[in-house]
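As they're listed, the protein sequences go chains A and B.
Under my numbering, think of the first position of the first sequence as 1, with each following residue one higher.
Under my numbering, think of the first position of the second sequence as 274, with each following residue one higher.
A hint or two may mislead.
As the list claims (entries may be wrong) - Cut-off 25 Å, straight-line C-alpha distance, at most; resulting in silico cross-link-like pairs (SDA-like, lysine to any residue):
1) A:Lys179 with B:Gln372
2) A:Lys179 with B:Thr319
3) B:Lys277 with A:Asp63
4) B:Lys277 with B:Glu288
Hints were generated in silico from the structure; no laboratory data involved.
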Amino acid sequence: MSLQVRTFPQLGEAAQALAADRGARYLGGGTFVMRAINEGDVSITTIVRSTDPALQQIRSDGDRIHIGAGVTMSQVAASRDSDFLAAPAQSVGGPAVRNMATVGGNLFARSPYGDFTAALLALDATVHVVEGAGRRETPLEEFLRQGAQSEPRRVVAGVSVRRPHSRDAFRFRKLTRVKPAGASVIAIAAHLPNAGGRVQGARVAYVSMGPRPTRVQAVERALEGATLDESGIAGALAAATEGLDPPTDAIASYWYRREVAPAVLKRLLLGIQ
Amino acid sequence: MARKPIQFRLNGKDEAVFVEEGQNLLDALRRQVGDTSPKYGCGQGTCGACTVLVDGEPRLSCLMLAESAEGASIETTAGLAGAELHPLQRAFLDGFAAQCGYCTSGMLMSAKALLDRNPSPTREQVVDAISGNICRCTGYEPIIDAILDAAARGAGRRSA
Ligand SMILES: Cc1cc2nc3c(=O)[nH]c(=O)nc-3n(C[C@H](O)[C@H](O)[C@H](O)COP(=O)(O)OP(=O)(O)OC[C@H]3O[C@@H](n4cnc5c(N)ncnc54)[C@H](O)[C@@H]3O)c2cc1C
Ligand code: FES
Ligand code: FES
């Protein structure tokens, strides 16, 4: 095995090095990349990393916050600026994993992982991708669609996200077999802005109901104009698994995931813990 | 294979070693430094046996690139005891919180990280602190009790 580690002070240089070398892999917190290396994945010949301080920042700009790609789940959970994202950040692994797992790395997670990404998806986050000396902003949903087709060859500088409409408007529920830390049977993140007692502009995202975190537009449509009570949410529950093809893995089967999705969605929508 | 020099503090002492490119910190601690107190369980991040403290925070040394430890302060179980056992070690012994012992050093480091920051944790906080550490022998209860016992004995209040 011969492996090379290249460290760049500027993110732009890291992006160039990554794009130029097919065997290169960007290293965030390493919870996936180092695992692959420990397993003897010989397709990785170069590790690219960056010490750019911009990667570590969390900053507020009006009602938007910007989170650098190198910020860890523990840092998100501890920062006042990102307090609304504490629940999904805290749901990732145990304390040591949270001290390593980064926001950037979570964007590339596949089922049964990607809890933080689902939260960002529900909040319609924007991904800042490094392009030359600048940054290109891409809606997260589109970023995930592109990523599904190719291995990560782009460097992410960070994400930005608008604060939820109100404290209660953003909700996150994760069902695991092992407590308190475990991979999801299903996790659901939802932004449910409320106008005059009715939902307006809902965004709902699932983890573990497809290869990557996904938006569930059938549920969103059914929630439009609905009240969050038993009868108001009936349509959303009926649409809970419409068109979804969840994986069977060591955590749960396809069948079980489809059975349990409406139950978890119901708890989230009615605000039951 | 290319080797890189790195320097860090280990249990309060300066260390300078050459590490291989791509080598993980667990491997470097065990082979280059000779500190075998962090254990290799899975190399996958799932068992927690390799947990060490990096600048006071628990990390999985098997998933950490050794060269990223440059300049850091690392604590392992080998550094816990002074003239006497650390109160956590004493509580683990008294409470039969180790059977085969393979998970113990990771458990101790996760527990130390908790008590250093929160000297009187609730049971729930203890459970969360060790949630990334797997034990196949004890059923966890003696470990949780031992950590609470160590907290009651003031483990979190003594200077590190
Ligand atoms: C025991 C354990 C439990 C876990 N539990 C959970 C869980 O509950 N929920 C969950 O969502 N995940 C979980 N994970 C998975 C993982 O830790 C997280 O998804 C984490 O956020 C991945 O980030 P990382 O920085 O460690 O990724 P890395 O390993 O550093 O990178 C992962 C991928 O992303 C790419 N990448 C990373 N950063 C960037 C960037 N800035 N730009 C471009 N590409 C980048 C890498 O090249 C690589 O392909 C768990 C992992 C372990 C080992
Ligand atoms: S050896 Fe590091 S988590 Fe198992
Ligand atoms: S004592 Fe054997 S694994 Fe914990």
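Checklist entry - Against the structure shown, which of the earlier numbered hints fail to hold, in ascending order? => result 3
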